[in-house]
Each structure stands twice: as C-alpha cells, then as structure tokens.
Amino acid sequence: MDPVQISLLGVPGRAVLWALAIAAFGVFGWRIYQLVGLLRQGRFENRFDRLGWRVGHFLRNVLLQPRIFNERSIGLPHFLIFWGFVLYAGCFNWGLIRGLLPFVPIPYPDEVPVVRLFLELFAVLVLAGLGVALARRLFFPPKYLHLSFDANLILFLIAVLMLSNLFGSAFTQVAEGSPATGWAPFGSLLAAALSGVSKGAAHSLAIAMWWLHMIVVLGFLVYLPYSKHLHLLASPFNVFFNNPELPADLTLPGAPAEISAGASRWQELTWKQLFGGFSCAECGRCDRSCPAAAAGFPLQPQQIIQKVKQHLLATTIDQPRSAAGSPAPSLIGDVFTEGEIWACTTCMACMNCCAVWNEQVPLIVTLRRHLVSQGQVERTVQDMLANLTRYGNSFGKSDRMRAKWVQSGGLKIKDARKEPVEYLWFVGDYASFDPRLEEITRKTARVFQAASLDFGLLFEGERNAGNDVRRVGEEGLFELLRDRNLQTLAKARFQKIVTTDPHTYNTLKHEYRVDGRPLEVVHYTELLDQLIRDGRLPLKPRSNGPVTYHDPCYLGRYNRIYDPPRRVLAALGLELREMPRHRDTSYCCGAGGGRIWMEDTADVKERPAENRIREAAALEGVRTFVVACPKDIAMFRDAVKTTGQEGRIAVQDIAELVWDAVENAMTPAKGATA
Amino acid sequence: MANPILVLAEHLRGSLTEVTFEMLGAARALAQSTGAPVQALLVGSGVEPLAAQLGAADSVLLVDRPDLANPSSEQVSLAAEQAAGKTGAGLIFVAGTNVSTGIGTLLAARAKLPLVNFCREIKVADGRPTFVSQLFGGKVFAEVRMAGDRGVVSLYPGAFRAEAGRADKAAPVERCDLQAPPAKVRFRRFVEPETGDVDITRQDVLVAVGRGIQSQDNLALAEELAQVLKGAVCASRPVIDQGWLPLSRQVGKSGMSVKPRLYIALGISGAPEHWEGMQSSRLIIAFNTDPKAPIFDGSQYGVCGDLLDYVPALTEKLKARSS
Amino acid sequence: MNIVVLLKMVPDTVEELNVGADGRSLDAEFLRYKLGDPDEHAIEQALLLKEKHGGTVTLVALDAPEVDDVLFTALAKGADRAIKLTGAESPPGTPVLAQAVAACVRGVWNPLPADTLILCGSYAIDDLEGELAPWLATAFEIPLAMVVAGVQIEDGGRKAVVTREFFGGLRGEFELDLPAILGIQSAEKPPRYVPIAKVRAAMKSARIDSQAAELPEPPAGLELGRMAKPEAAGHAQMLEGDPDKVADQIIEVLAQQSLI
Ligand SMILES: Cc1cc2nc3c(=O)[nH]c(=O)nc-3n(C[C@H](O)[C@H](O)[C@H](O)COP(=O)(O)OP(=O)(O)OC[C@H]3O[C@@H](n4cnc5c(N)ncnc54)[C@H](O)[C@@H]3O)c2cc1C
Ligand code: SF4
Ligand code: SF4
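Protein chains in written order, with our numbering: chain D, 5 to 678; chain A, 103 to 425; chain P, 894 to 1153.
Careful, some of the hints might be misleading.
What the hints assert, rightly or not - Restricting the straight-line Cα-Cα distance to at most 30 Å, the calculated cross-link-like pairs of lysine-lysine (DSSO-like) are: (1) A:K361 <-> D:K401; (2) D:K401 <-> D:K495; (3) D:K416 <-> A:K361; (4) P:K1052 <-> A:K286.
Stated by the list, open to error - Simulated coverage check for chain D against chain A, where a stretch passes if three residues somewhere in it have a Cβ under 8 Å from a Cβ of chain A: (5) 37–51; (6) 213–224; (7) 438–446.
The set of hints was computed from the structure by calculation and includes no laboratory data.
Model, not experiment: these values are computed from the prediction.
Idealized CB from N, CA, C, for every residue including glycine.
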C-alpha cells in the first residue's frame, strides 16, 4: 500500500505531497534563514574550536540529557519525549523521501518491523506521558507552570501524531487482513477492536491516517521556529557551541576596547548570546535555583535569556508594522532594568542546572560592562572600585597594611619576592584586612608551619586578584590589577600558589596566564587534604561534631572541588551532616559578583545567607557551620546574628578546626588550651 | 600692653553662634598672659541687640547697616580690616566654620597679614603665642608662630571651650562705619533643610542604636537623647532589618557614610561593615556591655554597661542642664 | 562658559603620615598624594555645568606625584584641557600656590572672559595658610563664594546663583556676577565614576600641557615650628562609675567640645 498513490480531488497524491512539502520547508527555511541572519549581526565569537570536545559534549548532554534528570518528575518523561521526537522526526523524513521520490529503493518506515515496533512503543509511552502531564496540569498544577495556549496546542498535536500512527498501524492491519504481530503490538490490539471496519474503509482510513500524520508534522515544521518550541531545534546546537570555560574565565575573545565596554544594543551581544534565547525551553530551572530571585531581588535568570530573544525578534523580523520607524528600545532601561543586572551574585547555580547549557552569567556581566563604561555604578561600588584602583584592595587601606596580620601576630613568614618558596600564599583582601579574619588567617599560617610547609607571601606587593572587579563589569580595572599582580609574581620564585579565597582561586587559576600558560593554583582545602594524607600534620581532634559544610560557589560549582574539604573534616574525626543543598546544588551566600559591595535595598525578603543558615540550623544536632572561604565568615556570622541563631550554631573556618586539632596534638601535657 | 585681639563675632539668622563664644574664650585666655585687650567686632544689619551677649570682650565694635544683612565674606573682611586698622588690633580671630570660611583668608590676602588656619590650641611662651594647628585631617599637629604681632587666626570650631567666652556683664559698644563698594555677592534667601525623613549625612549629632537596644520600645530612649542633643537617630543593619527604622537611617557599608561631630553608639559591636560608615565621625562615644567589643577600639570614650541604665541618666542631666 | 578648575594634590591620609627628621615637614618615605575630596567635587561641578551650558573645562594643577593620573582621569571624565605647573620642589603654601596659579590663568586669559567661572575645592587638609579661593579672589578682584554645594547659571551666563552650606542642613542662596570664583564643598551629584579603560584611552589620546610655574618667594609672616602626631587614639578612654557619674563626665566632654 502506497499512501501517495491516490488522487486527491483529481490531483495525484505525490504532487500534493510535493506541494505541501515545498510550502512547509519553504516557510521553515525562510524563518531559519532570517534567524541565522540575525545571529550573524551579533558580534563574532569563536565557538568552532575544539571540535572533539564539542562532539563528546553534544553526545553526552543531548543524547543522554543528564541535566534533565536533576528534576526527577520531569526527567524520564522528557527523555522519552525527546527520543520519541527523534524517532518520529527521523521516520517522518524517511517517509517523506519515500513518498516524494518513488524511485528510491526503500520501504516506508512502518513497513520495517523493528521500526514499526519502536514507533508503536514510543507512541504509547508518549501518550502515557501526556496523560500524566495532563493530569498534573489539571489536578496539581505546579506554581511555576503557566498553561499557555502554545503549550497546550503542542501537546494536543503530539497526541494527534501518536494516535494517527497507532490507528494507521491498526487500519493497515485491518485493510490487509494480516494477522496480529508482535512487531505491532498496540496496532494489533487496536486492529482487533476495529475488526468490524470493512477492508475498503480501513484502507482509506489508513491512508487518511498517514496523510494526517504527515500534514501535522509539516504543520509542526512551519510552526516550530515561530514558537517557544524553537528550542527543539536550537538547543542541540546550543549545547554543541557551549564554552566550558565559562563563567570561570570571563576573558573576552580578542578584547578590543569596544567589547570591554559591554553591550548597549543587541548587535553588541555575541551571536552565541543571542542564540541562547532561541534555545531556552522556558523550563524555569534557572529561576528556581537563583538565590537572588529567592531573596526577592528583581532578577530571574530565565528572563535575562528570554528578554534578549523577545527584544531581538520584536525589533527585527517580528516587528509589528505599526512600530516600524519608532526608535528601538534600549537594551538597558527598556529591556533590562539596572536592578536585575546588579542583583546577580554570579553563583553559577543557573548555568549549572540549565539543561540546554545557557550562559546567563557572561551575559549579565556583558550588560554590567556597559553600565560601568557609562559610569552608571552605585555609590558603594564606585567607592570600592576607586579603592581598588588606588590601593589595590577593596578595604581602602594602605597596601602597607596588607601583611599587618603577620607582624601583629608575631609570625615569621618568608617574602617570596626575596627567597624561593614552594608555595606562594596569595592571601586575598578579606583574609588580609578584615579584623574578624586576622586570627583565622594566622591560624592558617600556623597550620602551614606545623606541616613544615615551605611557603611565602608577596606582602604589600599583592593586589586584589580582580575576580569581583571583573564580574562587576570593570574590565579595565581587572586588567590593571591582573597586570600588576603578574609583574609581582614574575619577580617571585615559587612552584605553586595556594589561596584560601575561592574567588581569588578561580581567577588566578582560570583568568591569569604566564607566557600563555595557566598558573598552578591550589585551594587550601586541597593543600590541607594533601598534607594530612602525607602525614605531615599531627592531628588530635577535640570534638567529633556533627558539623555541616558549605560548598562555596567558586570552589564547588566553578571548580568542582567537593571532596578535599570533606576528606579534611573526616580526618578531623568530624561527623558531617549534609544540608539538603550541597555539592553542586549548594546555596550561594550572596557575596559574589561584587554583591558584597552593594547597598541594601528594600526588595530583600530574606538574604541568601540567612536562608542558608536556617537550612543548616534545621539539621539535627549540628552546631558548627564549616566554611572554606574568608568572605563566608563575614556573611554567615552576620546571618547567624540576624536569624537569631547565636549560641545555636557557630560559623567556623575549616582552618580553625584543623588548627584546633593540630594545637591539641602539639601540646600533649595540658590538652586543651583556652 | 600688647595690641588688642579682635574677635570677629559670627551670627546667623539673628543669633550668635557657639563658635563666637569659643573665640572669645580663647581670646580671653590669651589676653590673660599677654595683657592685650579683647575687642569683639559685630557686622550685620539689625544686630545691635546681640552686642549685649559679647560681654567677655572688653569692648564691642558694631558695624550695623541695612545693606549688611547676611553680608558677604568680602564685606565682613573689609569691615574687619578697617576696624583693625582703626584700633590697631594685632591678632584677629575668625571662625573656621562653614559660615565664616573665607573671611580670614580674604583679610590676610588683602591686608598682607600672615594667617594660621585650623587652630586648635594657643600656647604662650615669653609673651608670644604659639598656635597649634591641626593638619591633614587631624593626623598631624603643627606649631606655628607669627613673625610680627599682627596676623589672622582661624579657630577650629569645637576646639575651645565656649563657657569661657560667656559673661553676664555687657561690654561698651562703639559704632563704626564701613567704607565699602557695593557688594559683589548678594544674599538671596535661606534654603530650609528638606523635610521628610532626616538626612543622617547632614547631622552634626547622631545617636546610633544597635542590637543592644533589644526592643523597639527602647528606641524611645535614643530618640529622646538625640532630641536633647539636637541630632537624629540612626542604626546598624540588624535594627534596620527589624523594620524599626527606615533604610535611610542605616549606617555602614551597605548604608550611609556619615561624619557627624558626635556619634553616640548604643549597643553596637563595631563590626567592620558598620565602621566603614562612621569612622570619620569626629567624636565617638560608645556604650556597650561587652568590655571587649571592637567599637571601643576606635572610640574616644567608652562606657561599659547596660545602655538602659546609662542613657536615661544622661538624657535627664542634659535636659536639666539646658532648662 | 569658560570653566577653570584649580586642583591641588594633598597627602593621602590613608597612608601613614610621619613627621620627617627636621621635625617640620612630612617624611617622604610613605607619602602619597591624592586629590582632596572637595577638589573631586569641583571637577564634577565643572562637568555638570559644561553639560548644561556648554563651554570648556580647563584644569590647572601644580605638579606633584600622581598628578598626571588625576589629570587624565578628569580628562577622561570630560574636561577639555589640562595644564600642569612644574618646578615646585615641595608643596608650597597657599599664598605662593595662589600666585603661581594666578600667573598661569593670566597667561592664558587676560583679561578673564566675562563668562569665566573658576572652581576649586572649598578647603584642603593642608591649608595651613588659608584657602586657595579667597587668595585668588583677591588677586583677580572677582566675587567669591565658599562652601558651595550647588551652582545655577542665570542671565545667559552673566550671573551665578550658588547654594552655600551653613549647618544642620540649612543653606543659603547667593548671587554673584561672573567672572567669579567658587570654593566647592560638594557638587550637585556625587563625582562620577570613570572606568579605567577610558582613563587609559585618555592617556593615549589626550595631552597635558606642562608649564614652568612662576613661584614667588613665600611671605615671611609665619614661622613653622615643630610638627607632631597626636597621641594614638588606640582604645577608648573608659568612663567609670554609676550612671549619674558617667553622665557628668560625658557632659563635661561634650561641653569641652562645645557640643552642648
Ligand atoms: C555584606 C555585609 C554588609 C553589611 N552592611 C552593614 C551596614 O551597612 N551597616 C551595619 O551596621 N552592618 C552591616 N553589616 C552587618 C555587620 O557585619 C554586623 O553584623 C552589624 O553591624 C552588627 O550590628 P550590631 O552591632 O547592632 O549588633 P551586634 O554585633 O549583635 O552587637 C550588639 C552589641 O550590643 C551589646 N549589647 C547588648 N546588650 C546591651 C545593653 N543592654 N547595653 C549595651 N550594650 C549592649 C553587645 O555587647 C554587642 O556588642 C553587613 C554585613 C555584611 C556581611
Ligand atoms: S548566577 Fe546565581 S544569582 Fe546570578 S542569575 Fe544565576 S542563579 Fe541567579
Ligand atoms: S535558561 Fe535554561 S534553565 Fe533557564 S529556563 Fe531557559 S532552558 Fe530552563
């Protein structure tokens, strides 16, 4: 049976199919041509390198979709729908070729038993999935799902596709009078139910089902690139063109002056930044993970992505006639508010969970760069930037005070600019200048000394590494700080860099280059872990917990260092009770991306750090909240106060705990000291 | 007997300002060791009644003319130059306040007199005064002398005691005239402080409350203290977070930076984020139950104790004093 | 408008200030210079006026360490021309500075154009011998206003109406005929931020005119004696006793500082 060999109102079926196909592909192709044309107006960014990695990345994340499974209820259904889509799309094209080009010596896909089996299996699975989705929408609609007409229409059409396949299979069986077969289990069942239909009618109905199927798919093809389902087409490319260095390394490709000034019009975004919106599935994962959104700030990472797309289309190919000639809205002000651009902590939670690998943080930083280039920066941030420019630290202290903690603690530490050391300790601003942290910094030094570590400092030669500066959008100042540091580093002799600050760690590791090569940088948790494993630290724990541990964004999600701190805690004999959000779902303290410098606003419902402390306080028996980041001490000690958890939970740096055990081991007679 | 000391009385909106009495006090103290007479110079329109308060001077020179209402710095300096010329004054004291800044320098520039600015203290040795000047925002003090007996001294407001410049008696008043061209700078009007919530960055006195205040009810203690000191209440972040005061009253890193003349910290621990906003205050007095609270490390005066006990007593005494 | 901003570098008090071996000057070892806060505001006010009324902003500064950075930053913000007066070995006192600046200004404009407004910081932390603005007002015989916190231009550029700060939020409005000189306390808006990239661009594209300063002999009237650092504040002086006694001590302190 060849469904094309019929005559529709006197026109040969094949000709009708040709006409429909040309029309549908024409409309589809025109739209794609327009969209690509828009992308080409964006700035160029090379995402065509490292093809091997890209293919692997694509295979893993498009074909297996591990990130889809991070939300359990939708994981499997989406996975099935995706593969059903791939199968059906493949078979559609196959059938179309067969129908259009009779001389091609292939059967129709459903004439191949295995294919037919899979088509039926998926049809039923998809229908079941749709049933679940329908029930969910009707009876337990999740808050964040809005039931758009668009979405309902699509679900309905998918159902039509599946049903037309199953009924087509059944009617074919009835028409051909063929026996029930395991290759078409559901078709056979249906056929049995439809056995009352005459052969002739069944034949016509089977053909009708084929045409219905093809027409719906062709309609889909037309509809797809005009709807949110564009993501079906775009997202595989989005994954393929992902840049794995982002957002840890925000180095601008080429970095000519106009790029460092960010974007004020969509044409100043890169093609990849424009493309992100086409790929977004509006799944809301990023919004749900965003600490700024949860705190009540006017930021939703999904909107950051979506607004680019809406603005792009609405001012170009989808511009209503009436709006032609009116001045284009400006990217900042009309499209994005300053509030949303500044609210981001660059915690990377959104990028870490986006199943289509969208890149929100670089986009936000690009917009910030524009604001900074116009001097539109709030007062407190201006002060910090001015301090950093003049003194090289955000505290506005003289650089000569940077190593005050060394002298005032009576410590002797090598100057790495004067004598060679194995480890250069890049201390960072908070650990150097914040009076609350001085003692912790000294304890860290004592731990290093107890392990006979050969280490030294840059003393007043050190400058802020520039992590926050770059993320606030002050690219020029970042370069200034980096260049100064690199000059100083060039004079020092060392093998590796160690730092306690994850922000500094990230930037030194990913954004600094010496002769084109990255520096070798370790975080102190890694170093402590190593020293303990090498048996270089005598440990005699004083307590056994239980404690909980907070994964800093820039250590965890950015650099995937999850186990070394946990091994250190285990070596200290501390029982670790994890918070519900840990490792890569850890919750930001709210300090990153320059947020720690910004003014409080009235929008805040609950600061991220407070939310986090409440999470920890809810853990049975946990009285110690362990951190591995100097800024976390400031953020969480404050949050402990403001949530009224004083005396209930204490924030401690992991180095303090290590020093406790080391000191205990080194003073055998007395045991505990005050 | 040394040349007279001429004190340029400062007044605004019909009253003498505090610094006038500080200058008179300083002049009296100096006169005591040099034997110089103290003369006050009062320049303005309809200011004659104020002369009665200048009894700490030996005599008052009055330049009272209708065109001298809210006079420009230039007119006042001209008046001072002519008065000094007439009485043979040696030292001329002017106030280093917002109201008077510029007068002393104009006078020195025009009359080619030496000038000492930011004077906080006057010492006398061998009958000659040495002026101690506060430089670089108080980081360094410099001792300066004048080569001759004539010169202008600009006194730092708040550096001398006003008590010493008040007297119950009145001094004889002598009217003078002024030879002056028409004013180049003309007064238009006063601009009142904006109403609405207080702008804490413009206050001279701030009473700051922290978590040690414990409850919203206790805020009244701070309000009352601020009222007698003619200042306003501000707070650390936790107090603002409680919603007890608006965000515009928050002092610190994520709030306002303030530099009042007096900052009274009630139950504030002195976290770095708070310090950042108030470290430039001229005088800090802290109340805290914790003797180790970091706020004490940077304050000039500290009271270790419960603010609920200490603040009411202070407010009462201040009230009693002003009434 | 012809807007001239006179800038003065002052020691940065963030760095440790030590008295030198001679006991009469600052130890140069840790000394760094920066622009005083009021001068920053003077630049901002000049730029605001230029944006509103057009014209040019000319900067005049005496040479000092880091002055180039300051001038390029101001050029990047929108100033049009920068003149640096060289030749002073150490920072001169206000009378000498005033004469050097006045000579420079006269060298460029003689007489001053009618729409000239000269701005400078209302005070500087090292103004031992008085503020700059009144000296210049005397030298040019033009009207002066100090502690200015707002400037309007009226009568098509013939008149400036300024707001002066008094105290406790009270301000007064004065009018001056141009040309005039203003000591700026604060600009109508906080000084703007200029990104480093723009400063770097200005360093490439803009130029600082260097001129030898005409430095007269300092007047002989003052003898600078000893300089010293105040005793370190360190820890608060603790007031002891029952609430009444403590209150008395505090009142004593407040009275001493004329706060009550
Ligand atoms: C990014 C960031 C930004 C911040 N920004 C700001 C900011 O702008 N402004 C700000 O203030 N804070 C800010 N903080 C918070 C800051 O770290 C401190 O937590 C906060 O300043 C503490 O406020 P406090 O001194 O009132 O409270 P606490 O630190 O709890 O101090 C209360 C004090 O009161 C004393 N006390 C208790 N009872 C009495 C009593 N009866 N009598 C006398 N004393 C008593 C206690 O001994 C204690 O010293 C910020 C924190 C972070 C992390
Ligand atoms: S990086 Fe963090 S704060 Fe920023 S948008 Fe993403 S989730 Fe929100
Ligand atoms: S950006 Fe990614 S995570 Fe966010 S809604 Fe779109 S697809 Fe989902």
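Which hint numbers does the structure go against, in order from smallest to largest? Structure breaks hints 3, 5 and 6.
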